[in-house]
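> The listed protein sequences correspond, in order, to chains A and B. Going by our numbering, the first sequence opens with residue 1, and the numbers climb by one from there. Going by our numbering, the second sequence opens with residue 515, and the numbers climb by one from there.
Since the hints were derived computationally from the structure, they do not count as laboratory data. Among these hints, one or two may not hold up.
Between beta-carbon pairs, the in silico distance windows are [what the hints assert, rightly or not]:
(1) A:E196 x B:T641: 55 to 63 Å
(2) A:D200 x B:D818: 47 to 55 Å
(3) A:N514 x B:R843: 39 to 47 Å
Part of the chain A face toward chain B, derived, beta carbon under 7 Å [stated by the list, open to error]:
(4) A76
(5) D201
(6) A253
(7) N496
On a predicted model such as this, the values are computed, not experimentally measured, just so you know. We put the beta carbon where it would ideally sit given N, CA and C, even for glycine.
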Amino acid sequence: MNHSIDLRRVMNLGPAALVATSLVIGATAFAAPFRYAEDRAPGIVNPLFGTTMSESRVHELVFEGLYTDDLDLRSAPALAESAEPSADKKSLTVKLRSGVTWHDGTAFTAKDVVFTVDAMKNAETASTEGARVAFISGATASDDHTVVLTFQTPEAAPQDKLHFKILPAHKFPSTAVKRNDAFRSNPIGTGPFVVENFNDDNSVTLKKNPSWWGKAQIDELLLREVADKNYQAKLLIYESLEALVRVLPRDLAALQNDRKVELYPYQTNSWWYVGFNTQQGTWKDPLVREAIANLVDVDELLRPIGTGDLISGPFVKSSPYYNHEVEVRKKDPARAQALLEEAGWQLIGRQWMKDGRPLQIRLATLSDVETAQDVVINLQSQLQNHGIAVEPAFLGQAEWKEKVWRDRNFDVILSQWSFDRNEDVYQQLHSKGNRNFGGYANTEVDQRLDKARLSTDPQEKKALLREVHAIVAKDNPMLFLFTLDSYAAMSVKVKNVVVHPFYFFTWADRWSMN
Amino acid sequence: LPGLVALQACSGGTPPEESVAPSGWIGELVGHPERFQVLVEANREGWVAFHARDEAAAIAAFKRTGEAVGEARAELQVALFHEDLARVSGLVHTRLWRAQINRNGLPAGSRMADVGALAAWCGGSPTAFPEASAEVAQALAQAKGPEELDLALGKGFEAYKLAAKGDLAALEAQASRPFVTEASAERTREIYDPCAHAALARAWMVQAFGDKPWRSAADWGQAGLPGTFLAPWTDADALGKETLLASAAGELGAGGADYPELGVVLSPQADEGQGAREETRGLDSTLGEWRVALNEVATDDGKDLLSNLGLIGRFRQEWLMARARKALREGQPRRAQAFLDLAHDVATPGVGPANSPSLYALLAEAEIRQGHTREALVHLQTLVEARPVATGIRETAADLAVLETIDRLGDSKEP
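Chain B on its own, in the form it takes in the complex (with noise of 0.2 Å):
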């Protein structure tokens, strides 16, 4: 660990001067076309729903060929994902039933103080609430997890027991339909379940790695190409380097392993865009060359591979929403934005395999965080479009939006 924490603070230095070929997982693919052969042949489907984003396909698929490694890698990317609204779903539910009992009060029989609660205890703050009710507050503070819940609250608790019995349908049923339904002037007022996305975090990560940690992650690398196939980190060694020095499963990538091979030139820690977007560019350097020098070196259908899979684009934006995602723990949602506004493919707008699902709710998560709920909402609504699992979450932030603009004039104009 010595040496790698070396290795971490070495990355500030110069970046390498020679453009030379990658070794990870894109060098063999370029160079070993046939590689690439033996790795889809024996799963093909479940390899191309992976490279599209489309994870539960890839799950059921790499389930029915016996494909582990691609399986948990597919379970660890749902996961993640649900780990970034988990905290969006923190922030919205948090923000909006703060800030509207503050200003208007609480009506008479809603349960918005006890959704906020249920909210601000999911996300580890349990006493957020004092205006929850009594059989609530009581009720989170003898409980480990939604599951042990028997509240009489909206639709209840049942879909989180069925969950960590591993029957996980319900709760993303759950997620996406109001939870709590009450009166509210002339119309009704919706509420959406507050943990869900939390709870199906878990579960994913425990369908991902079982009761090992994620660190185990390290283990994947075994597998050759399987382990590093459209991943944040270049080869197995850098994947092992990368579980003792990332944080968390989801910065695997941005813990330091790859930095000087990557010619990614630290930038001071504030929190600002310009230092990002430097370190960016370094990056983008570095992956120039390779494509150069892969260029050079490969046949035909190495090249091929090359553009049409977008391999280096991939790397890249895995890479970077790793790097977000240490931003946003850092508490600098500046320079996370700016790292996923880079990360992102605009001419292929959408979630696809050009764009990872993980990539919008983390671009919902840094704008929020700035306080920009409405522009968060551009990313949600996209995100919603192809995982109505996040439906909720665009509501909630919906609501936040206009709340944190009522007391405003609105602006119009032409072109």
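For reference, chain A alone in the conformation it holds in the complex (with noise of 0.2 Å):
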């Protein structure tokens, strides 16, 4: 089949793909593993501490949780074997599944689950997922298969809750777990992958775990960093990868239409937007925000890069929360203008001033995220032409997270999130928020999204999250951008491919290759 390839077109694509071919050749010698591509190699493997989807693509692979989604999106037993709740509901002995062992040989334990919680809840590991575990107001372990979780109140179904990744206590000397702790580089879990190597070009090579309780098909998979999108496409077309996580719009009717390639729906349910730091000077001010809304055309900013839904709120078009009755805001420098007079700026020649200061933004964004650079350059252009200047900063991951997750140091930043199918934003909008990064407070906000939290009827939950919608809409602590159509393709060498709507990798122990 690679011989087939013609190699003028090849030629055509220029030097990168010199790298494609010499690689295509190569997997003619050797007996090819999974390989797929991801913007951005994960800075750490260690579920304590993920902040972004590269990182929990391989926490799936590697790691497990007491329980994980089966294919109907139920909650199914994994290193739990079953569960009795208590009568009031406040509290669930798990049996673990026996047998189990880490990837270094060491046995599976109620310890491991124990020393889990107290780790996510202890203040010291900081850890960016406490909040799954916010729920549990303990975890004693009752001999080594036996496990005790008690709850701060009643859960009807607690099962639901505990997919977070069980880490192995062994490895670690305290519940105080730091985020550059040799654990990062040197991950195991109980999962179907085993992380056998961090190599030089910022690829990660898994192993099949021949001790796993079940039993995957693959038996190598390798993540590539490929930052450059466009490079991604070719390399899947010319066989050098089996998978893309995620295709730009632009390639979709290339790769739909390659008789080599499938594509899978992966909705991630993922928003752009333009966060404001609103506890940091100018961006207090919520005219000033809204200003800057009114100046921007946020189809302009989309259309270069791909297809997908302008949004008006923290929610994308198909969530049960999104309020549709919450227009898409339409560029409008008119109003614009009017709202920076009302904040008590003033357009000096072509450039909006106060107390002897221009209107300007120090705009960042992750530097290894191809399109979220355009977007920027093209924001920058847009305001630049109504006075505001803006001043990019394309920071690292390191910097990223040390600035924006950690010290909020920043004025303003240009990113995405990503959500499940539970698409809960108390993270990103209550004042209590640990993805807050902005600051926003508001009470109505807060009252609602704690309301919501614990509402179990449906239609009130649905309601509450539309009025958050419309309230922050208004409060512009971010201006809410569009949503990007989003697929995975996958080489159609590989088979039985069920992709989780979130994880992607959940069920791919199923997935088996020719």
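Two chains, two frames, some hints: make the complex.
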């Protein structure tokens, strides 16, 4: 099959294609692993500190929770074998699967579950996932294979909340886990694949776990970091990859028409936003934020990078919580001018000024997300035409995590959020949310988010979150931009593929290769 | 009929070895573009609308010109669309109200059990909601259809009575607006009509076939191209066989009459996607050969027709939708999902020439039957943007999606 490549076409693709060709030739000589592309390789592999989708996808291969999703997206036992709730539903006794071992051969026991809960709850750990165990008041090991979890309040279906990944207690000196602990680059789990190597080219090699309690079909996976999205599609077409996790809309037609490739819907409920640091200087003023929102032609931002939906709030349009009565804002420079003047700014020459200072945006985004850079440049051009200077800052992953996630030291950011099917925006919009980077605080929003979390009436929850949508659309803690249509692409060599709608690899043990 | 059954049994055989241009409507149009001219000159507006999936405009145009077969085919498309939606409606209403009553009980004065009973009754399961009021239970036991109901429930059943007389506008409006509005905590609960699409499907089938059965679609073949253009059957002969082989009008094309010609090798009938993907690959291989063969023999006009109208893509999508309906009826949603994912033209998303409204309704059904209600909303939202009549289903499915995840904790990540 590889010999059929039209070399003239490959040569026309430029130097990158030559690398692809060499890889193809390499693939002819050796049994190829399942190779998939990520825009960027995971910075660390430790589920306590997962912040990105690429990290989550690796976690899904390497680690397991007590429960996981079955094909019908119901909670099914993974490391748990069975569970018995107490009569008052305030505790759950979980029997663990026996005979499970960590990738280093150590036996998995109840101590690991207790350790994981305690580590996630330990304030010194500063886990980005801590909120996932907030409902647990305590975890104790009754014996090696039994753990008792007690809850803050009665839980109707606690298994639904026990999907967080379990870590090996014996690999950590205490429950105060550090992000830069050696575990991050030498992780072990109980899952179907073992991290074999972090390679020099930022790829990660994973091998099938022969001791796994289930049975994976694929022997080896290779995560390849390929920042150039155009290059990703070519690598798949020329059979140097078996999968692309996310296909750019502009590549969809070519890939759909390629008989060696199949597309799979992969809707991660993602939306793009410009986030204001509402605790800092200029951006505290809601009038200025609204003015900026009125100066941006969002459709113009979207068009060069793909097709999708413009949004008016913090949900994708297909969300149960999307408020269809809140219209997508249209560019309105006259309204923006009135708002800025009301906020005390004056247009002097071609620059908005106040107290001798120009209106200037330091706009940060991740350096290795190609499409984000395109949007930043476009946004810069749009705002500069209206007298607002934009100073882009392209941050590496480490700097982003430090400045945005940890220190909240930024003016304005451009980024994306991907949500699982629960679309819980509490962490992004509640004043106590751990992903509320901009420090947004509105008691009306907080009250509704709190109430929505406790509600068991779907119509009430839907109505509450649609109200949140309407409120934040007025407050503009973020400028909500758009969603992008999202598909994964897979070589037809890969069989029995079923993609989890968020974690992607949840059912990868069923996949096989010709 | 025995011969046809034998033909179906043979469909698992070896695909044809030689690449030949198809002899059906695609081959006829591409090989004889002048016949396309004749077809559209008589009914340009109707066929343009039919191609664009604007069935309402197509029906109106065909009525004006007296193109009876074109009109009936457009009416069948609308009937199938509502039939597809009716199954989705039945699923989401019965699942939502059953789960909600089980979880939270039945609030005093709420009609949710009555609506649940109505939904189940429309879907053929009249005893699924014993919590329904005695008045509703008794009325449902006696009525043959919603047009016979005189219950004081929500907006009532007047729209059904009008629909039974052929006036469908009120019922179409009822499908997209709350049927029952009641107090819930500090807000109002909006409940949509669970039977509207089933009734609309029946009414549109009557529009399409009058008092004849759907198998009378076989007669369309006598009309020539108007009976086959853009259809999932290749020619009049195949249509005739399909009307004998298929189990429902929506499965015309999936009966098996064309399988050998299409190079389709049936996979084991398990509910998984891989078999469906292999079957579709067989189909695509043959369609690829058709494309090559047609381009070799076609005039420039013929080539333009082939590419500009997306004739092969249209046939493929209609055929795969018929296969998906069959799989859904046979209780194989994963298999159906694979057919539908492959049928979906993702490069041109949304309802239009490239994607049928029924495609999105079927995708939603396949997802919901797998427990993927949240994912079904993606398709229902696309549908509502083109067909607001589906608004009630989107809202009900949204409530169900919320309920299904109400005990979960959310996860969010950066890219």
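> Are the hints correct? Go through all of them and say.
Consistency of the hints with the structure:
Checked against the hint of 55 to 63 Å, the C-beta distance between A:E196 and B:T641 comes to roughly 57 Å, which is consistent with it. Take A:D200 and B:D818: their Cβ atoms lie about 53 Å apart, and the range 47 to 55 Å holds. Checked against the hint of 39 to 47 Å, the C-beta distance between A:N514 and B:R843 comes to roughly 32 Å, which is inconsistent with it. Residue-level restraint check for A:A76 is violated (minimum Cβ-Cβ distance to chain B is 12 Å; threshold 7 Å).
For A:D201, the interface hint is violated, the least distance from its beta-carbon to any beta-carbon of chain B being 21 Å, above 7 Å. Interface hint at A:A253: satisfied, since its Cβ lies 4 Å from the closest Cβ of chain B, which is below the 7 Å cut-off. A hinted interface residue such as A:N496 counts as satisfied when its beta carbon comes closer than 7 Å to some beta carbon of chain B; here the least separation is about 5 Å, so the hint holds.
In summary, the structure is inconsistent with hints 3, 4 and 5 from the numbered list given earlier, while agreeing with the others.
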